[in-house]
Amino acid sequence: DAKTTQPPSMDCAEGRAANLPCNHSTISGNEYVYWYRQIHSQGPQYIIHGLKNNETNEMASLIITEDRKSSTLILPHATLRDTAVYYCIVRPSGSARQLTFGSGTQLTVLP
Amino acid sequence: GAVVSQHPSWVICKSGTSVKIECRSLDFQATTMFWYRQFPKQSLMLMATSNEGSKATYEQGVEKDKFLINHASLTLSTLTVTSAHPEDSSFYICSARTSGEDEQFFGPGTRLTVL
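Order-wise, the sequence lines are chains A and B.
Quick note, the first sequence lines up with residues 1 to 111 if you use my numbering.
Quick note, the second sequence lines up with residues 112 to 226 if you use my numbering.
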């Protein structure tokens with residue numbers, strides 16, 4: 001699976017949009033970009049995934065660059081409960097394999 | 112989304128004893144379950160992958176005789192930490208997926224403390 005690079009930490013003001021970047025310059029054509037988050041002392045939670053088109057759901061939006069070498073997860077109106085470690089993972093669709101977690105980005109939403 | 116539970120949520124045991132952690136898929140059939148371990152301030156590390164009815168596949172460096180995994184049904188997998196030592200203290204997390212689906216669903220984790 002392609003390697004991903006994320007900033008170790010970010011702060012965001014409550015109510016503002018949180019934009020979390022991820023670089024995946026070695027991504028292959030059949031690999032999807034997945035985002036999970038882990039609130040302290042809990043299991044990871046699925047957020048969103050995409051291949052090349054931008055995706056949006058009730059939690060977040062995923063913007064993937066045209067060359068697919070990077071992506072941005074957007075939390076449109078961050079709340080204190082969004083404070084968590086956010087993981088960007090690249091993996092082929094249909095893979096029965098495990099998810100490989102990197103170090104992620106610690107997002108702290110400030111009041 | 113689908114729900115995965117773990118039991119217990121936390122456990123404290125004495126060194127040398129064995130501890131069993133259960134992972135259940137509550138509303139779907141989990142053909143594959145994964146067991147992860149997470150030390151403080153570190154990321155999740157995969158320990159093993161288990162397919163229902165088959166022996167688990169362990170990652171390099173994980174002792175299969177120490178971390179016994181059973182996946183005897185489509186809704187239950189167990190991880191038994193045998194002869195636990197303080198260095199086994201960690202946060203153990205399972206995830207589950209069903210055949211044909213990409214998404215994995217994670218349990219809430221089990222905090223193991225070995226005294």
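It is possible that some hints are incorrect.
Unchecked claim - Each pair of labels, with its calculated beta carbon distance range:
id : chain 1 : residue 1 : chain 2 : residue 2 : range
1  : A       : Ile63     : B       : Asn181    : 14 to 24 Å
2  : B       : Glu170    : A       : Leu51     : 26 to 36 Å
3  : B       : Asn181    : A       : His40     : 22 to 32 Å
4  : A       : Thr65     : B       : Leu179    : 41 to 51 Å
5  : B       : Glu198    : A       : Ser41     : 13 to 23 Å
6  : A       : Pro8      : B       : Asp213    : 20 to 30 Å
7  : A       : His77     : B       : Lys175    : 40 to 50 Å
8  : A       : Ser28     : B       : Gly127    : 24 to 34 Å
What the hints assert, rightly or not - Derived SDA-like pairs: lysine to any residue, alpha-carbon spacing no greater than 25 Å straight-line:
id : chain 1 : residue 1 : chain 2 : residue 2
9  : B       : Lys175    : B       : Gln153
10 : A       : Lys69     : A       : Gln42
11 : A       : Lys69     : B       : Glu170
12 : B       : Lys152    : A       : Thr79
13 : B       : Lys152    : A       : Tyr46
14 : B       : Lys131    : A       : Gln42
15 : A       : Lys3      : B       : Lys131
16 : B       : Lys152    : A       : Arg81
17 : B       : Lys152    : A       : Gly50
18 : A       : Lys52     : B       : Lys131
Claimed, not checked - Which residues of chain B face chain A? A partial, calculated answer using Cβ under 7 Å:
id : residue
19 : Phe150
20 : Ser154
21 : Leu157
22 : Glu198
I should point out that these hints are in silico values taken from the structure, not numbers from a laboratory.
Treat the numbers as computed from the prediction; the structure is a model and nothing was measured.
The beta-carbon is built from N, C-alpha and C at its ideal position, and this holds for glycine as well.
Hint-by-hint comparison with the structure:
no.: 1; hint: A:Ile63 with B:Asn181: 14 to 24 Å; in the structure: violated, 42 Å
no.: 2; hint: B:Glu170 with A:Leu51: 26 to 36 Å; in the structure: holds, 28 Å
no.: 3; hint: B:Asn181 with A:His40: 22 to 32 Å; in the structure: holds, 30 Å
no.: 4; hint: A:Thr65 with B:Leu179: 41 to 51 Å; in the structure: holds, 45 Å
no.: 5; hint: B:Glu198 with A:Ser41: 13 to 23 Å; in the structure: holds, 20 Å
no.: 6; hint: A:Pro8 with B:Asp213: 20 to 30 Å; in the structure: holds, 28 Å
no.: 7; hint: A:His77 with B:Lys175: 40 to 50 Å; in the structure: holds, 47 Å
no.: 8; hint: A:Ser28 with B:Gly127: 24 to 34 Å; in the structure: violated, 47 Å
no.: 9; hint: B:Lys175 with B:Gln153; in the structure: holds, 22 Å
no.: 10; hint: A:Lys69 with A:Gln42; in the structure: violated, 30 Å
no.: 11; hint: A:Lys69 with B:Glu170; in the structure: violated, 29 Å
no.: 12; hint: B:Lys152 with A:Thr79; in the structure: holds, 23 Å
no.: 13; hint: B:Lys152 with A:Tyr46; in the structure: holds, 20 Å
no.: 14; hint: B:Lys131 with A:Gln42; in the structure: holds, 19 Å
no.: 15; hint: A:Lys3 with B:Lys131; in the structure: violated, 34 Å
no.: 16; hint: B:Lys152 with A:Arg81; in the structure: holds, 19 Å
no.: 17; hint: B:Lys152 with A:Gly50; in the structure: violated, 28 Å
no.: 18; hint: A:Lys52 with B:Lys131; in the structure: violated, 42 Å
no.: 19; hint: Phe150; in the structure: violated, 13 Å
no.: 20; hint: Ser154; in the structure: holds, 5 Å
no.: 21; hint: Leu157; in the structure: holds, 5 Å
no.: 22; hint: Glu198; in the structure: violated, 20 Å
When each numbered hint is compared with the structure, violations occur for hints 1, 8, 10, 11, 15, 17, 18, 19 and 22.
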